[in-house]
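**Q** Line by line, the protein sequences are chains A and B.
If you want the working numbering, it's the 1-based position in the first sequence plus 21.
If you want the working numbering, it's the 1-based position in the second sequence plus 5.
Since the hints were made in silico from the structure, they are not lab data.
Bear in mind the structure is a predicted one, so any value in this text is a computation, not a measurement.
Just to be clear, a hint being listed does not mean it is correct.
[Stated by the list, open to error] Here are a few chain B residues that sit away from chain A, every Cβ distance over 10 Å (derived from the structure):
| no. | residue |
| --- | --- |
| 1 | V29 |
| 2 | G33 |
| 3 | H34 |
| 4 | A73 |
| 5 | T86 |
| 6 | A107 |
[Claimed, not checked] Covered by chain B, per the in silico footprint, the following chain A stretches (three or more residues, Cβ under 8 Å):
| no. | region |
| --- | --- |
| 7 | 46 to 57 |
| 8 | 202 to 208 |
| 9 | 256 to 263 |
Note that beta-carbon positions come from the ideal geometry of N, C-alpha and C, so glycine has one too.
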Amino acid sequence: MTEAAQPTPGAAAEPGRFAAAVRSTPVGMAVIVIALIVIFGVLSPNGAFFRISNLSTITLNVAVTMLLAVGITFVLAAGELDLSIGSNLVLSSVIAAKVLVAVSGTHEQVSAGEYPNLALGIVAGTIAAVLAATLFGLINGLLVTRLRITSFIVTLGTMGIGTGLAYVVSNGVNVPNVPRVLQTDFGVQKLFGIAPYPMIVVLIISGVLWYVLRATRFGLQTLAIGSSREAAERAGIRSSRHVLILFILMGSLAGAAAMLDLTRFATTNIGGHQTTALAAIAAVVIGGTSLFGGRATIAGSMVASLIPVILGTGLVILGVPSFYQLIVVGAILIAAVFIDQRRRERLSS
Amino acid sequence: MGVEEPKRRTASKAEFVIEAIDIVKRFGHVQALAGASLQVRPGEVLALVGDNGAGKSTLAKIICGALAPDAGRLVFWGETTAVTSIRHAQELGVETVYQDLALAPDLSVAENMFLGREPIARGLLGSWTAALDRRKMRQAAQEAIRAAGITTLNSVDRSVRDLSGGQRQAIAVARAVMWATTAILMDEPTAALGTKQTDIVYESIRSAAARGLAVVVISHDIPKMLTLADRIAVMRQGRTISNAPARDLTLTDVVTVMLGGRPKGEAA
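Let the sequences and hints guide you as you build the complete structure.
**A** Given below as structure tokens:
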């Protein structure tokens, strides 16, 4: 059956690998990010944009969105969607703040700014944030996999439920007496005066998840489910169980993001994060992950999540109203999805 | 693993690799199978033919663990076995080439060939964190593809989406041959193929049978089945009407049974 002098399957892959990497979306996004930094740096008065403090603030501002973008990359890779990550973040940050304040001292003590059990409170608050958010993700996952309702509808529903619960738990006001030290000693602190601590945490988590998606069975099976759930199931992969784990993972990352948010602002933000999910999903799609599943890149999501923040900061420094960034990011998102669709059509034809 | 000789249960003295006995399956009010039976020996090619809706694909899906029967039993190597899942059937050495091929288009050829059974390098924290052994995947996939006679594919790193219909079909067959140790079920394996590619698939079937694997082929190409298969089983209305050596049958015999006539040699 074999024919003589045929090319060896696999041999052709090696020479093209570098070229493919150069042409990849993450590299393209990195070029855009660098170009934006250079443009804003040159145009800004006295090169204000280039200042380390400014670049450091940009990374601080992007930390939470980047972490959520990394998580949602997995969900999209499997062909699912999670619109509830913003409200999950808000709800779990409220729960975390409540637990943290309650454990850190008596009502009188924390009202007076004294936190005798601060370390214990921080540990308890962090655990509460992650547990609450993981439970939120578990509920999303169970609704999607057991009731077989599409993730778009499930998470649209839980988005509202999460926000409502956050108001119920907090009585409609931000949790008072969150220790300021969370912010001063961690939330805005920078390693060597350059790298914000929250960003370091995000980079470590993202590095682990990059490895998981790129190099492990779990990552490959996530992509397989997104590419063709039927093919994955016929290969013996339990896709429902896998998707459930992905929603749990997404939930736990929203919990981590909630804690980072709490340390960044030393307060809860019950009216905020309404567009966080869309911002994270936009970053993921712009970064090269397919909205239809099967193709995903953590690096692309990370780099692309920088774009809105750089645009916002740059426009402010140039004196342009920052809301122009919404228009630019919206246009980039549409263009990215259009390019993705065209690419798929071309490959399928 | 992979393209090495199948690890057959040589200790078993069972005549048949797989027996499906009186299988019944309903989908709501539709009776898909009404006591279908099938036996296949090691190294035998069994063609399963019948009109549309006869129950061929349903029977194959029950054998490969994709569906559970309502009644009846499956016997593998002489032992009655309740096949609980596709993975279970795979553990019994049964591989399936589905009509829609069941390939993930965004994954590479090598990744598809190992999907669900990916080899991993040793990891410090167990298989969850261990890295895929991509080198092993590539090498085994290359070997399997070469053994299957696929000569038009220049890289196993190519995404399946980039392949032609014929190449995809050939990959699905090569994957089944690579993993099967007991039997291969093929549902219309040449439906989307040209003449040359069809010949390659038929050659793969003969080659798999020569290695001792049982091969069950569902096909509408009865003339070809008469030359390729060792036995031909005809299904009609959810039942197996006849199961006879192909050499004893003609096209007219098979079509007669398919259309409701009596099997050859059966008294009126």
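**Q** At a Cβ distance under 8 Å, does chain B reach at least three residues of the region 46 to 57 of chain A?
**A** Since 0 is below three, the answer is violated.
**Q** For the region 202 to 208 of chain A, do at least 3 residues have a Cβ located nearer than 8 Å to some Cβ of chain B?
**A** violated (count 0)
**Q** So is the region 256 to 263 of chain A in contact with chain B by the C-beta rule, three or more residues under 8 Å, or is the coverage claim wrong?
**A** Per the Cβ count (3), the hint holds.
**Q** Looking at H34 (chain B) again, its CB stays over 10 Å from all of chain A?
**A** holds (23 Å)
**Q** At 10 Å, judged by beta carbons, does A107 (chain B) keep clear of chain A as stated?
**A** violated (4 Å)
**Q** Determine whether the non-interface label on A73 (chain B) survives the test: each CB of chain A must be over 10 Å from its CB.
**A** Given that every Cβ of chain A is farther than 10 Å from that of A73 (chain B), nearest at about 15 Å, it holds.
**Q** Please check whether the beta-carbon of G33 (chain B) is more than 10 Å away from every beta-carbon in chain A.
**A** holds (18 Å)
**Q** Beyond 10 Å on every Cβ pair: is that true for T86 (chain B) relative to chain A?
**A** Given a closest Cβ separation of 17 Å, the condition holds.
**Q** V29 (chain B): least C-beta distance to chain A exceeds 10 Å?
**A** Per Cβ check, V29 (chain B) is outside 10 Å of chain A; nearest 23 Å; holds.
The structure does not agree with the numbered hints 6, 7, 8 stated previously, though it agrees with the rest.
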